[in-house]
Each structure stands twice: as C-alpha cells, then as structure tokens.
Amino acid sequence: MKRREFLLAAATAAVAAPALSFSGKLFAAPANTPRFLLVFLRGGYDCNNLLVPYGSDFYYESRPTLAIAKPDPYNANSAIGLDNNWGLNPVLRDSIYPLWQKRQVAFIPFAGTDDMSRSHFETQDNIESGESTDQRSNYRSGFMARLSGQMSAVPSIAFTDALPLSFQGSGHDIPNISLRGNPKPVYDERQASILAGMYRDTSLASAAADGLELRQTVSKELQEEMMKANRGAPNAKNFADETQRIATMMRDQYRLGFVDVGGWDTHVNQGSTTGQLANNLSNLGKGLAAYADALGDEWNNTVVVVVSEFGRTFRENGNKGTDHGHGTVYWVLGGKVNGGRIAGQQVAVNAQSLLQNRDYPVLNNYRDVLGGLLGRMWGLSGSQLQSVFPGAHPRDLQLV
Amino acid sequence: MQDSPNHPTLGARLRLAAVSALLILGAGSAAARDARPLSQDDVDWLRRDSFELDSATVAMYRDLGRSRLFDRQLDGRISDDLPAPITTLINSYEAANTPTEQLLTNLRDEQDKIKNMPEGDDKAAARKAQQQHANDLLQQAQEIEMLHAIYGPNQLKEQMVWFWLNHFSVYGAKGRVRWVAADYVQNTIRPHALGKFRDLVMATLESPAMMEFLDNAQNAKGHVNENYARELMELHTLGVGSGYTQQDVQQLALILTGAGVAPLRDPAAMRPRVAEMVVRNGMFEFNPRRHDFSDKVLLGHKIKGSGFDEITEAVDIITKQPACAQFVSKKLAEYFVSDNPPPELVAKMARTFQRTDGDIAEVLQTMFDSKELAASYGKKFKDPMQFVVSSVRMAYDGKPIANAKPLLNWLNQLGEPVFGRLTPDGWPLDSTGWSSSGQMAKRFEIAGAIGTGNNRLLTPEGQPKMGGDFPMLTTRLYYDTFDAKLSAPTRDALAKATTQQEWNTFLLSSPDFNYR
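Protein chains in written order, with this note's numbering: chain A, 1 to 400; chain B, 401 to 916.
Honestly, I wouldn't trust all of these hints.
[To be verified] Here are the simulated BS3-like cross-link-like pairs (lysine-lysine), alpha carbons at most 30 Å apart as the crow flies:
id	chain 1	residue 1	chain 2	residue 2
1	A	Lys220	B	Lys799
2	B	Lys621	A	Lys320
3	B	Lys865	A	Lys320
4	B	Lys748	B	Lys731
5	B	Lys515	A	Lys320
6	B	Lys799	B	Lys771
7	A	Lys184	B	Lys865
8	B	Lys730	B	Lys748
9	B	Lys523	A	Lys320
10	A	Lys286	B	Lys528
11	B	Lys865	B	Lys885
12	B	Lys528	A	Lys320
13	A	Lys286	B	Lys779
14	B	Lys799	A	Lys320
15	A	Lys286	B	Lys523
[To be verified] With the Cβ distance kept under 7 Å, some of the chain B side facing chain A (calculated, not the full set):
id	residue
16	Asp522
17	Gln586
18	Asn587
19	Val624
20	Met840
21	Phe844
By construction, these hints were calculated from the structure, which means they are not laboratory data. Ideal Cβ positions, reconstructed from N, Cα and C, are used throughout, including at glycine.
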C-alpha cells in the first residue's frame, strides 16, 4: 500500500463509527485501519549506548568503560554506522538493523518531556498523561485513552498486568490482558453472567464484565493461533514470544495497543555490547522484529513507537553505570515508516550542549512529535489533537 | 490532640512486651459464647483494623472492646505469635532458621567454589543450583510474610508490616537481595512498624537489602552512585516536588558514601584512627575509607564532614521536614482510608506526626479516631495482597494451611508479588492500580480456586494432591458479620449458586467482600 492509500484508509477509519458492542472493543476493526503500538521502556534506558554518537570525541572521553567503539568492519563489537554521526549498538545487528536497511526505522534523539524531576515515577506518569508538566490537571487521564476516545472504530488494548495510566480515564473500559500467563477462561457463561451481575451497580461494572468476556474470546483465538503455529507451552519465555501474541491480537481485533518492558535502570555495571543493557536491547530488538514478522503484510499498516521516561547521565558514574538523565532517543518503526534516518531537531554532542552539564537536552517534545505522527496517521483535526495533547504544538516530522 | 477518656496518649501507655496471645484468645472465646452480635459499625471498623475478619479477631474484639484492643495492638501487648503448626512450618525454612551473616557466608563460599571450577557442564550445573538456592530463599521469605499476614493475631501491626515493606520496597531478584529478604521484613521492618518513623528509615538504611537494592553498597568517594540518595528523599521521606534539588541529591549521595554491606572476608588493616570510625551493625557497615569527608549542604543545612554522624544528621534533617510528615501521612491515609484521602485528615495526621516526632502509632491513632475513616467504610477496594490474605482468613478461619505456595502463585497472577516490585516505588495503593478488566477476571478465578478448594493449601509440598476438600464459608462468622448487609445483586448471585463451592466463590468475588 502506498503512503497515500495508508492515509486515506486512516481518514476513513476515523470517521466510520459503527454501533459499539458492550464496551466497544470486541469486534474486528475495519481492514486497513492503521494500527499503533506504544512500547514503554520503564526505567529510563541509556539511549547513548543504543544510538551511539560515535562522531563525538566527548562521548569517548565521558565513557571510559561503557563507550562502544566506532564503526569498524573488522570489529563485530563496534557500532554499526547509520550515518556520519550516529551508530547502532551491534546487539541489534540481526533484529533492528535489517529494518533500518529497509528504511522502516527512524530514531529521534533529544526526545522527551519538559518534566525535569529526573524521577522515574513522576516522569513516566507525566509522559503517559500527555499533559504539559505545568498544566497537569487530571492525574487519572492518559493520552492513549483520550486518543482512543477520538476514534470509535479504533479498538484499544493494553498488554499489561494492570491498566497503564496512558489508557486510564477514557470514559469507556479499555481492556488489558497479560500475555505472559495462560489466558484460559475458567467460567462458563452462566457463571460469568452471575459474577458480572454482582458488579452491575458499581463503578467496576464494565471492568468485571469485559474481563470475563475478553478471557473467553482471547483465549480461544490464542489457543488456535498457538496450535497453528505449533508452539508449545503458553508461557511467554521472553519478549519475542509475547510480541508474537500481541501481533495476533493487533492484526485481527485491535488498533491501538500498549506494552511496557522493564529493567532499564542501570546504575551499576550496565555493560556496553554485553551485560545488562545489551541483553535488554537484544531482547527488545528480537521482540520488535518478531512483531513485524508476525504481522506479515499488515506490517505496512502499522506504526510502533518506543519511548522511555528519560535518558541517563552522558558520563558514566563511578560504578560503570549511569544515573538518571533527561533527553532520550525514541524509535519509530513500521512497514511504511519514512525511516532509515535520524529525525527531529538535533544539536552537536559535546560538553557545551549538555543540559546542566549532565545529560541530553530535550529538543523534540514527545507531545509535539507524537501529536504530529498520530495526527497524520489518522487524519485527526487540530481540535482532536488538542484534546489528546492539550496545549501541544504538533510537529509533523514526516514519519509516515 | 485532646486526650479522650477512651484514648490515653501513647506516652502514658506501658510498652510491654507481649502478653501471651493464648491468654487473650482464651478469654475471648469464653466471652464470645454469650456475646451480643456486633453492630455494623463494629464490623466495618474491625474490617479496616484487620486484613479481614476471622473468628479469633472477632472474639478478641468482643473481649477487649475497641479502644482496649486498639491500644494493645499499638503498644505490642498483642503478640506476633502464630499458631504452632504455622510456626513449625516457618521454622523449617532455611531463610528463617539461618542467621543472615551465615546465609551470606554460604553464598560467598558457593560463589568461590563455582569460580574455581573449570568451565564445563559441572560449572553450569553448579551455577544453576546456586540460582535455584537463591530463588528458594526468596520464596521462603515471601511465604513467611504471607503466613504472618494471615495468622498474625495483631492484624493492625501485620498490615503495617506490609505497608512499610511496600513503602521501603526492595526487589527480591536483584543481586543478593534474595539472600537477605526474610531478614529485611522480619528484622528491619517488623520491629519498627509501629515505632518512630525516623528509626524505621535508619533501620532500612542499615539493612543489607536496601543497600544492595539501591546500589549504595557501591557508593564510595570518587565513585559516587546517587540512586539511593534520590529515592531516599523522593520515595521514602519527602516526595517528589517537595523542594529538594538535584544539588541536594548529589550532596546526600556524598553523605551516604561508605554506607554498605559488611564484607565477609577479613578487611584490610586500617590505621587505628580510621578503624575507630568504622560502624558495624549486623550486616551493615560504614567504611570511613570509602567516605567523602568534605563538608556538605543538605536542604540548606550545613553538615560538617565527620563520617557516619553525617548520615544520622541527614536522616534527622530529612525526617523533620514538614514535607515528610505530609508525605507519610498521605500514604497511610491512602492505604487505610481512601484513594483520594481528604486533605483535612492528612493535615490532622501530619500535625500529629510533627508533634510526636514521627510516632507511627500516634499517627495511626489520629487516623482511626477520625470521622473520615468511618465515612469511608465499604468504599476502599482491596489490593491483591489484601484480597488473597482476606480470602484465606475468611475461608479457613484460623485453620492452619500446610502449603503456602499457592498464596504466592495467586499474588503473582494478580500482579502484586511480595518483593516483586521491580522499581523502588512500591505497589499502587489505589483501586485503579488493581481493578482493570484483566485483573478483575483474574481475581474471580482466584476466588474460585479458594472457594472450590481446587488448590493445594492443605497439601504439604511433595505430596500428591489430596483433593475433595473445600472450605465452608457459611459459618457463624459469616452470619454474624456479613449476611445482614449484603447488597441485592450479591444476594441474587448467592441464591443462584448450585453448590457450596460456587456459593463460596461468589461470596469471595462479590463487591461486598472486595470492598472494605
């Protein structure tokens, strides 16, 4: 599908509003509606060892043990050169780099929020809320939920144990399901209806009913899928298994999804091309590649954005790790993404450009960038975007 | 706070060590035989004071009355003693019957042994066995905490142990935390759960679990790691946005240099003047050779570079901030009273906190005396820990279980495992954290596993499944406390149950049970 058709399909989806079932999600989405998956790396990943500023001597001075070597064809542990300034951590050679070569990945450095607390929890909540830091008014409303509210034919789901703040406060129930365990339902229809009936007069009425209903539906689909794919135990051993299941559901039923991946808070011995960060990146890369693969042709109709609450200190700390920083690198992936490039506003990487002599400044506010991207994907109006990201100035980086 | 006749100030109370719980329980059951039914207010209050009602708790309440029960809970005259079979079970665990130093020494020996093995299958197998050993220890620590929560006679204290364990959250799977997790909850948190908040902060600061989890064991002069310094102010005491700056975080990190876990090998010899400055307390060590002795400024206070005293001074300064009283009071009110606690209540609690120098029992007294608590009855949704503990208390009513593993599985499935929070902020205290559609479905399923007896709680580990047994929830306890006020939809559902197992399942799934 050409980009123009992609956008047309998107615009159609935004206006088509079929009557909804109980909570508006257990039906197949119209074919060709774009799908969007937000991947949240919780813990503030070290973006400087994902997207290596190998053109900067300052990088090598700042990270005596953590720096990744400049691109070198004879060194498998050197950065993979992406352009004259930036390289990719080589642990992504077999997963993300092939997508880069197909121009299906863009990276946005110096991205993030205006929240300066450098607190994981505060900044994660800030990003998920989608409101500007000084104007946060609703602490139980997330931008994915408000986006979902703008588009009735775009069913939403979170692949998490609990409903993330991003998806809270939509006014309708957004289901969540953890794909790590066995989603087999244990209640028959009579029991499910009695159980749900007890909550009919409470604020949890739709959560109770939807949870029971979703388990019946999802379980059936995933069981079939797993039998087809001839895979064994239902336990997702790693992120790649989980993303294949996510793809199954996103392909057929959902268009707006959220998943999070933890374990990025590397204060000690984080490593560079081996070690904790490298393992996490490798796992993430395999998961994203598996997701792309499992979607098949529908990958062309898909955008994945990888975010994290902040980056880390540019210099390594005394324990071969990094501490909490500010600006980070976002990833944008998809079959029709305008990729193979480093997008957004940038600045030279040197001591003078660091924020508070410590970390990356934020030049690409996530609200503006995501606003521009999501607006383009679904053809949203200015006022629709304002309700998703109040007060933002959506910027179209031509990512799709 | 005005003294009321029912509530003499805590200062006036004797802080006696435990009087035998058996005595109190014995008297309670005798009195219970001809006791009048509890009023709705009694039931509601007691459900908040405990994880959930069981017959022993109700008997104690009838025997002592509300204010005497509450006083005795706060000053420790209601013991932590568990039923004998549960104590026996816990004492069979390596994590409970081995001193922490011994556990860590064993770990070091295991690691040394593995290090000296030649590469190969044997070495891989030894590594795997060591991981398994560590996981077993963590699981024992989790089970011990669950068993205390379910069977501990002092239910208010048990709730506080859980609350602080969550407030000073450590992630079990990191580094050596698995080896010291049981020590952390029983020897760091428990002794201070109702004492002075400052002492609790110092106890966590001096615990190997916290030093390991937040990397302060690595924090040394010239190799500064600011992780613990930041979370100490943000999550443990003051709250983000309370006025401290990045500069304060960096200064506190310097103050905390040298605080860590005691080495398990003979330390290198120190000059006598340096050796004098070493502080050892259990497995905590302050090592002056790793400390930055420069002068510091924290929250506007000058702190003279002096060694360990800088740390106690810093903790004093931090815990005396009004923001600390406010932050801790709000979290307590969020846990016990409401997802959005009334600001007047929090202010009242914070005043008590400041007046009493952070006396946790006094703050609890203010909260439990408040009209805001009574106004919130039936509106607070149980988190997974409360749900699992309360279900087992209600269903088994004091009967000792033989296997605590199912409890851990259920908490895992509901997403709130003990020592399982990866990040140091602890699990959410409000209902939106636990009431999504996916979690509601899981909760009903676990209600079913308990209500139908389709679980292994009564089957000792390693034995084949006995099967057949299910708990009986239609008891005197139920009729005395729950039956009268069930909502119409719950009553309808119970009437549609076709078996006792199904009836149990519906009751444990009901909003009447899941809200308190």
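**OP:** Hint by hint, work out which the structure violates, then give me just those numbers in ascending order.
**Re:** The structure conflicts with hints 1, 3, 6, 11, 13, 14, 16, 17, 18, although it agrees with all the remaining ones.
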